[in-house]
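My request is simple: use the sequences and hints to build the entire structure.
Note that UniProt numbering gives residue 135 to position 135 of the sequence shown, counting from 1, and the numbers run on in steps of one.
Certain hints may be false.
Pair ranges (Cβ atoms, derived) [unchecked claim]:
1) SER227 <-> GLU148: 37 to 43 angstroms
2) ALA238 <-> SER203: 27 to 33 angstroms
3) ASP66 <-> ALA181: 39 to 45 angstroms
4) THR3 <-> GLU236: 35 to 41 angstroms
5) ALA42 <-> PRO185: 43 to 49 angstroms
6) ALA70 <-> ALA238: 49 to 55 angstroms
7) GLY24 <-> GLU236: 52 to 58 angstroms
Listed next, the in silico DSSO-like pairs over lysine-lysine satisfying Cα-Cα at most 27 angstroms (straight line) [unchecked claim]:
8) LYS191 <-> LYS230
9) LYS251 <-> LYS191
10) LYS251 <-> LYS230
11) LYS22 <-> LYS74
Worth flagging that the hints you see were computed from the coordinates, not collected in a lab.
Virtual Cβ for every residue (Gly too), placed ideally from N, Cα, C.
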Amino acid sequence: MLTLVTIPCLSDNYAFLLHDEKSGQTSLIDAPEAAPISAALAARDWTLSEIWLTHHHWDHVQGVADLVEATGAKVVGAIADAHRLPDLDRAYGDDDQFHFAGHDVHVMDVSGHTAGHIAFHVPDAGSVFTGDSLMAMGCGRLFEGTAEQMWDSLSRLAALPPETLVCSGHEYTTANAAFAATIEPDNSALKRRTDDIAALRASGQPTVPSRLSDELETNPFLRAHLSEVKAALHMETAPDAEVFAEIRRRKDSF
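Spelled out as structure tokens, the structure:
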């Protein structure tokens, strides 16, 4: 059995622990800062085995050195990004697979936010760790990749089982929901989810992870292929990636 723990870090980041109860092994996905992660491990008497990195940005990797020094954990990341990640013990590319405590981990290239950004899909945990690619109600800015790359990445993630938990890297959901309403103001699922998000945040609870099925119903960046979204943008005949690019452009200036 795999146990998932969400750890708030910095001002609006998340890290995740994935713990296998039978073996006692624990993996960390992204390391924004060491202190809250170390505290979460100590509170559960877990020992860190591995650190999986989605991309090179400082707010996802700056805790690695301290955690490795304290635990000896092995570091896993993208072979395409190895030159700017912390030192890796194992590097993987798109469609590679490795095993964690007997569980399959599928590596997906989800470039767009950065070149070489990867996600980790763990079917036995019913979870995908997406960093700053697919996010709750949003997606990452296109700092290094193209709209076509990001649309392809999001489309691949959207094809995972709808019950999959999307474990993304930031608490941006409230602002993302407000933007989504400018694209689909009459989306009833979006209205319900916006209310749910407000209630969670009012009680100090994270909105991450989210369910992929909810993202498919409410996240405008996953809905650029739909006729109703294209009509709302007056882009009825435009290619899907072009519609996605327009939604991303609008969000960048929202």
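Distance restraint between LYS251 and LYS191, which requires alpha-carbon spacing of 27 angstroms or less: Judged against 27 angstroms, a Cα distance of about 18 angstroms means the pair holds.
CB-CB spacing for GLU148 and SER227 relative to the 37 to 43 angstroms hint: The hint (37 to 43 angstroms, Cβ to Cβ) is violated, given that SER227 and GLU148 are roughly 20 angstroms apart.
27 angstroms limit on alpha-carbon distance, applied to hinted pair LYS251 and LYS230: Given pair LYS251, LYS230 holds - Cα atoms ~16 angstroms apart, limit 27 angstroms.
Hint consistency between LYS191 and LYS230 [alpha-carbon to alpha-carbon, up to 27 angstroms]: 20 angstroms, holds
Distance restraint evaluation - THR3, GLU236, Cβ atoms, bounds 35 to 41 angstroms: About 46 angstroms separates the Cβ atoms of THR3 and GLU236, which means 35 to 41 angstroms is violated.
Verdict for GLY24, GLU236 (Cβ pair) under range 52 to 58 angstroms: For GLY24 and GLU236 the Cβ distance comes to about 55 angstroms; the hint holds.
Range hint compliance [Cβ, ALA70 to ALA238, 49 to 55 angstroms]: The hinted range 49 to 55 angstroms holds for ALA70 and ALA238, with Cβ atoms some 51 angstroms apart.
Distance restraint hint 27 to 33 angstroms, applied to the beta-carbon atoms of ALA238 and SER203: 41 angstroms, violated
ASP66 paired with ALA181, Cβ distance criterion 39 to 45 angstroms: 40 angstroms, holds
Given hint LYS74 paired with LYS22 - CA-CA distance at most 27 angstroms: 20 angstroms, holds
Consistency of beta-carbon spacing, PRO185 to ALA42, with hint 43 to 49 angstroms: 46 angstroms, holds
Hints 1, 2, 4 from the list above are not met by this structure, while the remaining hints are.
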